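Go ahead and model the full structure; you've got the sequences and the hints to work with.
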Amino acid sequence: MRRTFCFTLILMTMFLLLGGCAKHMNHVGMMNGEMTGRKMDDQQMAQGSKMDHSAHQKMMARKNYSRSIETYQIPDLLLTDNQGRNLSLVNLLQDERPVLVNFLYATCTTICPLLSMGYIDLQRELGAQADQVLLVSITIDPEHDTPDVLEKYRKKFQGQPGWVLLTGSRIDIDAAMTAFDAYFGDKMDHQPLNFIRMPAQNKWVRLNGMINGEDFIREMKMVGVWR
Amino acid sequence: MNFRMLFILVAVVLLLFSVGSGFVFAAEAAQLTPEQIKRLGERMYREGILPNGEPMQAFAAGEIPVEATSFTCVSCHLRSGLGAIEGTVITPPATGKILYEERTTSIKGSEFVPSYHSYAVYLPPRPAYTDDTLARMIASGVDPKGRSTMKLMPRYQLDDENMAILIAYLKTLSNEFSVGVGEDKLHFATVIVEGSEAAEVESMMVPLQFSVDRKNSLATAAVNNDRVARMAYNMLGPDLLARRFTLDRWILRGPSDTWRTQLEDYYRKNPVFALLGGISHGDWEPVHRFCEEKQLPSIFPQVDYPVIDGHNWYTIYLSRGIRQEGEAAARYLAGMSELFKDKKVIQISRDSRRGQALREGFNEIWDVRSKTSTLDIHLPEGETLKAESLLKLIKKQQPAVVIVWDGASALPALRVAANAAGWKGLLLTSGTWLGESLWTLPEDLREKLYMTWPYRLPQENVRFDIALRHVLGGRPLKKFNTEVLSKAYIVNEVLGKALMDMRGEYYRDFFLDNIDMLDDAYFPLYERLSFGQGQRYASKGCFIVQLGKGENPQLERRSEWVTR
Numbered sequence: 001m002r003r004t005f006c007f008t009l010i011l012m013t014m015f016l017l018l019g020g021c022a023k024h025m026n027h028v029g030m031m032n033g034e035m036t037g038r039k040m041d042d043q044q045m046a047q048g049s050k051m052d053h054s055a056h057q058k059m060m061a062r063k064n065y066s067r068s069i070e071t072y073q074i075p076d077l078l079l080t081d082n083q084g085r086n087l088s089l090v091n092l093l094q095d096e097r098p099v100l101v102n103f104l105y106a107t108c109t110t111i112c113p114l115l116s117m118g119y120i121d122l123q124r125e126l127g128a129q130a131d132q133v134l135l136v137s138i139t140i141d142p143e144h145d146t147p148d149v150l151e152k153y154r155k156k157f158q159g160q161p162g163w164v165l166l167t168g169s170r171i172d173i174d175a176a177m178t179a180f181d182a183y184f185g186d187k188m189d190h191q192p193l194n195f196i197r198m199p200a201q202n203k204w205v206r207l208n209g210m211i212n213g214e215d216f217i218r219e220m221k222m223v224g225v226w227r
Numbered sequence: 001m002n003f004r005m006l007f008i009l010v011a012v013v014l015l016l017f018s019v020g021s022g023f024v025f026a027a028e029a030a031q032l033t034p035e036q037i038k039r040l041g042e043r044m045y046r047e048g049i050l051p052n053g054e055p056m057q058a059f060a061a062g063e064i065p066v067e068a069t070s071f072t073c074v075s076c077h078l079r080s081g082l083g084a085i086e087g088t089v090i091t092p093p094a095t096g097k098i099l100y101e102e103r104t105t106s107i108k109g110s111e112f113v114p115s116y117h118s119y120a121v122y123l124p125p126r127p128a129y130t131d132d133t134l135a136r137m138i139a140s141g142v143d144p145k146g147r148s149t150m151k152l153m154p155r156y157q158l159d160d161e162n163m164a165i166l167i168a169y170l171k172t173l174s175n176e177f178s179v180g181v182g183e184d185k186l187h188f189a190t191v192i193v194e195g196s197e198a199a200e201v202e203s204m205m206v207p208l209q210f211s212v213d214r215k216n217s218l219a220t221a222a223v224n225n226d227r228v229a230r231m232a233y234n235m236l237g238p239d240l241l242a243r244r245f246t247l248d249r250w251i252l253r254g255p256s257d258t259w260r261t262q263l264e265d266y267y268r269k270n271p272v273f274a275l276l277g278g279i280s281h282g283d284w285e286p287v288h289r290f291c292e293e294k295q296l297p298s299i300f301p302q303v304d305y306p307v308i309d310g311h312n313w314y315t316i317y318l319s320r321g322i323r324q325e326g327e328a329a330a331r332y333l334a335g336m337s338e339l340f341k342d343k344k345v346i347q348i349s350r351d352s353r354r355g356q357a358l359r360e361g362f363n364e365i366w367d368v369r370s371k372t373s374t375l376d377i378h379l380p381e382g383e384t385l386k387a388e389s390l391l392k393l394i395k396k397q398q399p400a401v402v403i404v405w406d407g408a409s410a411l412p413a414l415r416v417a418a419n420a421a422g423w424k425g426l427l428l429t430s431g432t433w434l435g436e437s438l439w440t441l442p443e444d445l446r447e448k449l450y451m452t453w454p455y456r457l458p459q460e461n462v463r464f465d466i467a468l469r470h471v472l473g474g475r476p477l478k479k480f481n482t483e484v485l486s487k488a489y490i491v492n493e494v495l496g497k498a499l500m501d502m503r504g505e506y507y508r509d510f511f512l513d514n515i516d517m518l519d520d521a522y523f524p525l526y527e528r529l530s531f532g533q534g535q536r537y538a539s540k541g542c543f544i545v546q547l548g549k550g551e552n553p554q555l556e557r558r559s560e561w562v563t564r
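Residue numbers (my numbering), protein chains in the order written: chain D, 1 to 227; chain B, 1 to 564.
Hints were generated in silico from the structure; no laboratory data involved. Computed from a predicted structure; not experimentally measured. Heads up, the beta-carbon is just placed ideally off N, CA and C, and yes, glycines get one too. Please note that a few of the clues may not be correct.
Unchecked claim - Taking CB as the label site, the calculated pair distances span:
1. B:Lys478 / D:Thr71: 36 to 46 Å
2. B:Gln57 / D:Glu214: 17 to 27 Å
3. D:Thr71 / B:Gly182: 51 to 61 Å
4. B:Phe177 / D:Thr71: 48 to 58 Å
5. B:Thr104 / D:Ser88: 52 to 62 Å
6. D:Gln158 / B:Thr372: 14 to 24 Å
Quick look at the structure:
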């Protein structure tokens, strides 16, 4: 059983560390007369598969996610929440409650349901105190994810008050992603990132991986934002 | 090992015993008809609902109970069941055909195709599933090798009967190539409504035909083992390279309520894999409904009035059509409604299909986003907007905005309104409806007139001309309707990308799944197209513009591509 578990970890590491599955093509594609563009990806992928597994295995020996402390300057952006209210991102993230941030979008496959699961699981763990933590999700597909779409998304996952989903102009959303060093280039290259605000100015815990409620609570305690 | 892990392990062991031992459901599944399997299994797969109407029980990350209705199989494995690669996460296929085969590190038959993205490389090899090991995997998150899959894949508690239905359904998913896939051919058609302008039809057909011919000459080259073909092999793989495409024209004649039978006829004679492009400035709904019913993908028909329906699946439109301009106007104005406080917004719209689409698009957004109501005035067909009445209206109401959803015949009245003494409001109309007259607007109107423009600004679009010329075989670009040409060009691009990602698996749902998973696209004409699971209107944008000064004026942006 233990071996099974380790194996899963190695796999998870592979998932998280292998990038480059995106599909980049130039303007003139196969059906318009030229074929270009795939080579890079294959090289990247070939490199990926040769990586040293044992090193990563060690690094991730205990958790299903990686963790680092980062400094982020939050830009002053006006975003719109799932209730259609316009909010200043700076103000919102200065909320007196503990603040968590992630990036998702409504029509995304495996990653987003799991990111949302993390939030929902945290709210469940917190029970009556669920609204004592501010959960912020910023869509990376603002053109499709209107406030309406985001509100439906929250309802689908039965998110409780305390979960705020934000959309905005493309430029502002890009700025928000960049601020958190989470600019993916394309939403299809999305990664499972979560951020926890630390007490020190502009300091954030960056978590990359699949995280459940218990993990969140442990991480919040570790940086002293939860008792 | 912490307490939680222990809990998972205990749960898994218990489940292994309860589920893995003597799991007999083949008999139960046998009692179900194929239609039942399809209907009931599909509901479990797509909605997370059991045959008895209750939600399925799901546990994410091993033991966290989640709503199976939000953690549906389809949301991760997609409609075709063939999975997805998104960022760093791979969702492998969940179709019987693939599950019941051993997984090695490459896809059978394509071992030597460098461009084939293979999930198989990143997932550990496993033996073929059996009914028992598959049931165990779904219920307890352990694959046939004993590896836990629960980090990403939820587990589902199902009784034997329901498990049997679900597994029977997985076996039907992407099991046989779709209709329209021949031995060595792939059949397509394009639908043209009779009476469409010949120049437009040609501007659409030339690029579509080009791509088909081009593809077929590659196939010929492949037979002759041409050097080009060897290169193409690396990108397309053996199957797609050798396959020939056919493109039929389905011309629909007479009133739209007779189209259905015509479509049935065409389809019976030549059942195609998908419809490409298509042209109609009027009705399209019968074609849309036909495609939904036959589960026939229809990629980017060039229509003014797409069917707006949150549940449609098989038609992917370029945009929401003409109404998208109305919607954009409402968003733009709602964004600055604080500026005009309790001043009125007047909406004058032509009582034609086009005017109505713009009005409806505007109202749909405005009603939600703004507290002020509009003063709606309808302009009957055949009646020109009169300068005096517009002026009178403006004097009386002193509106913040006058929207006029009408063509070039309204320009004289608009010009008078623009010069109305003492009036500070703005005028807004549809840029596309003005046609060529847009470029010769009198200077005194340009300053006050705002227009919707659902495309990239022309001066920024010229960089795509080279790409467009590519498909014209030396004919001058000027001879074509570049708007129509560009839209057909986009069909080619998207078709090519999706087919390459399909790795020779010709299932219609997989075709659509692959389009859904495309990156944001920067093609001719539209500032940006974007995709996503179930997103059916690729362009979400529309600029608000004004015409600049001078003899060769350019459009000037007054808004972002997508306004909130």
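Checked hints:
1. Range check, lysine 478 of chain B to threonine 71 of chain D: about 55 Å between beta-carbon atoms, so the 36 to 46 Å window is missed.
2. The given range of 17 to 27 Å is respected by glutamine 57 of chain B and glutamate 214 of chain D, whose C-beta atoms sit roughly 21 Å from each other.
3. Our hint of 51 to 61 Å for threonine 71 of chain D and glycine 182 of chain B holds, since their Cβ atoms are close to 60 Å apart.
4. Phenylalanine 177 of chain B and threonine 71 of chain D have their C-beta atoms about 54 Å apart, which keeps the hinted 48 to 58 Å range intact.
5. The beta-carbon spacing between threonine 104 of chain B and serine 88 of chain D, approximately 53 Å, falls within the hinted interval of 52 to 62 Å.
6. Checked against the given bound of 14 to 24 Å, the beta carbons of glutamine 158 of chain D and threonine 372 of chain B, roughly 35 Å apart, lie outside it.
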